[in-house]
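Student: Residue 398 is where the sequence shown starts when you use my numbering, and the numbers rise one by one after that.
Careful, some of the hints might be misleading.
Simulated restraints, written as ranges between beta carbons of each label pair [what the hints assert, rightly or not]:
#1 M417 with M583: 54 to 62 Å
#2 I521 with D545: 16 to 24 Å
#3 N513 with N539: 34 to 42 Å
#4 F577 with A501: 15 to 23 Å
#5 A501 with I558: 33 to 41 Å
Keep in mind the hints are simulated off the structure, nothing from the lab. Where a beta carbon is used, it is the ideal one built from N, C-alpha and C, also for glycine.
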Amino acid sequence: MLNELGFPQGAPLALLPLLMNLAVGAILSLVLRWHFKQFGSTLSNREEFAQVFPFVLLTTVLIISIVKSSLALSLGLVGALSIVRFRTPIKEPEELAYLFIAIAMGLGLGANQTVNTVVSGLVILMIMALFKRQRKDIGDKNLYLSIDWTAGADDEPDKFIAEVNTILAKHVINSDLRRFDIRDGMLETTYFVDIASTDNLTVLIGELRADYPDIGLTFLDQNQLPGV
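Can you build the whole structure from these sequences, using the hints too?
Tutor: Right, dumping it as structure tokens:
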């Protein structure tokens with residue numbers, strides 16, 4: 398029908414170039430995942446979020462490779478994307494930036510711009526790494542740490558605070574207890590802590606939850622708070 402209407406038909410999709418682009422995309426996705434885990438500064442679970450990059454990049458390669466070979470498929474894709482809605486919240490702008498890089502790499506490989514995509518992608522990641530490294534060298538990261546814990550019948554709040562202080566001393570540069578509330582067996586504390594790297598948070602959280610599985614932890618970057 399498209400031929401009758403005068404629409405040009407694209408060439409059949411070649412399998413070998415597609416497989417080569419997928420292979421290059423898989424390597425780039427691994428590099429991007431390593432870069433995010435190494436230089437990312439988000440407080441969320443970077444290990445889990447980084448697993449999304451290969452799916453996003455390789456899926457984009459496949460979509461662009463198929464769409465560019467057929468006008469009918471490209472028109473169908475426009476209709477499909479107008480229906481699909483993605484409502485997964487992105488908590489950090491940095492996460493959105495990494496997803497955008499993964500999509501851009503997929504677009505370049507899907508358009509057979511393999512060399513340009515590889516070179517440009519690696520250069521962008523190198524520039525980001527330099528900025529991240531420079532930012533880490535500027536100073537420490539200041540965080541508010543809120544702890545919620547329900548004391549049992551045999552638990553002693555004073556002992557709990559002492560143990561938390563001991564654990565914090567091993568993983569932070571400095572800690573300052575700002576708030577301490579106890580009501581109906583519920584203990585709430587707020588610390589102002591200085592950490593050398595966000596990598597210390599993973600170890601700190603793991604040790605606190607190992608000793609107190611039901612503990613509630615909230616980290617807030619005070620540098621992101623609006624000025625008063």
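Student: It remains to establish, for every hint, whether it holds in the given structure.
Tutor: Quick rundown of the hints versus the structure:
1. M417 with M583: 54 to 62 Å: Given a distance of about 59 Å, which is inside 54 to 62 Å, the answer is holds.
2. I521 with D545: 16 to 24 Å: The hint (16 to 24 Å, Cβ to Cβ) is violated, given that I521 and D545 are roughly 40 Å apart.
3. N513 with N539: 34 to 42 Å: 41 Å, holds
4. F577 with A501: 15 to 23 Å: 48 Å, violated
5. A501 with I558: 33 to 41 Å: 48 Å, violated
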